[in-house]
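Undergrad: Model the placement of chain L on the given structure of chain X, informed by the hints.
Take a look at the letters that make up each chain.
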Amino acid sequence: KAGVTQTPRYLIKTRGQQVTLSCSPISGHRSVSWYQQTPGQGLQFLFEYFSETQRNKGNFPGRFSGRQFSNSRSEMNVSTLELGDSALYLCASSLDVTEGELFFGEGSRLTVL
Amino acid sequence: AQSVTQLGSHVSVSEGALVLLRCNYSSSVPPYLFWYVQYPNQGLQLLLKYTSAATLVKGINGFEAEFKKSETSFHLTKPSAHMSDAAEYFCAVSGNFNKFYFGSGTKLNVKP
Numbered sequence: 001k002a003g004v005t006q007t008p009r010y011l012i013k014t015r016g017q018q019v020t021l022s023c024s025p026i027s028g029h030r031s032v033s034w035y036q037q038t039p040g041q042g043l044q045f046l047f048e049y050f051s052e053t054q055r056n057k058g059n060f061p062g063r064f065s066g067r068q069f070s071n072s073r074s075e076m077n078v079s080t081l082e083l084g085d086s087a088l089y090l091c092a093s094s095l096d097v098t099e100g101e102l103f104f105g106e107g108s109r110l111t112v113l
Numbered sequence: 001a002q003s004v005t006q007l008g009s010h011v012s013v014s015e016g017a018l019v020l021l022r023c024n025y026s027s028s029v030p031p032y033l034f035w036y037v038q039y040p041n042q043g044l045q046l047l048l049k050y051t052s053a054a055t056l057v058k059g060i061n062g063f064e065a066e067f068k069k070s071e072t073s074f075h076l077t078k079p080s081a082h083m084s085d086a087a088e089y090f091c092a093v094s095g096n097f098n099k100f101y102f103g104s105g106t107k108l109n110v111k112p
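Those protein sequences? They're chains X and L, same order as listed. Residue numbering for the first sequence follows this note's numbering, starting at 1 and increasing by one per position. Residue numbering for the second sequence follows this note's numbering, starting at 1 and increasing by one per position.
Chain X on its own, in the form it takes in the complex (with noise of 0.2 Å):
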């Protein structure tokens, strides 16, 4: 069964611009989470989507947003990027069930010049 796979796997980007990351879950899974991790903030939640509706959302501003297609797959979006937003962003999916475990991608490492 294949895995979570996250594409790019690393990209660089200049300040002002924008970049779009990929997402496609494990074969029936329906919930897509992503996160951002930093050496100094840890793993952050950015959003969760689930059946292409977004159920839950963290404490990031309206530049990171996010969309989830029919086949769950998902991607991610940051505009105007700033320095700050150099991180690893990491995507997981899971079964829609109270004690499922996140099964998470390898990431895609963003540098920001």
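Source of the hints: derived by calculation from the structure; they are not laboratory data. Please note that a few of the clues may not be correct.
Stated by the list, open to error - Below, a list of computed lysine to aspartate or glutamate pairs in the EDC-like style, where the Cα atoms sit at most 16 Å apart:
hint, chain 1, residue 1, chain 2, residue 2
1, L, Lys-49, X, Glu-99
2, L, Lys-49, L, Glu-64
3, L, Lys-99, X, Glu-82
4, L, Lys-99, X, Glu-99
TA: Below, chain L alone, put in the same frame as chain X:
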């Protein structure tokens, strides 16, 4: 509200020694607790999870954790450390709609 506190951002042990990584949680409801491991430049991998079936939970790679409600703790242990255990470990508690609350992580260093 749920939250997790991990005591010790860095832990160093000798190969073959006991590994103990501490995690305390706060939850307004019976918690579902998890330990994840992260190797450099990789995502998080589930080590084990507590879902109220048993207080002592066994995971992969010889790790186990004990849920202690009275102490609101879920510490991770391994009897004998191996060099390959060097990684960062995260404790987490799940919330509504798959929102997980992660601790700040503990980096485990294993000395030969």
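Undergrad: Next, verify each hint and record whether it holds.
TA: Quick rundown of the hints versus the structure:
no.	hint	result
1	L/Lys-49 with X/Glu-99	9 Å, holds
2	L/Lys-49 with L/Glu-64	9 Å, holds
3	L/Lys-99 with X/Glu-82	25 Å, violated
4	L/Lys-99 with X/Glu-99	12 Å, holds
The earlier numbered hint that this structure contradicts is number 3, and it is the only one.
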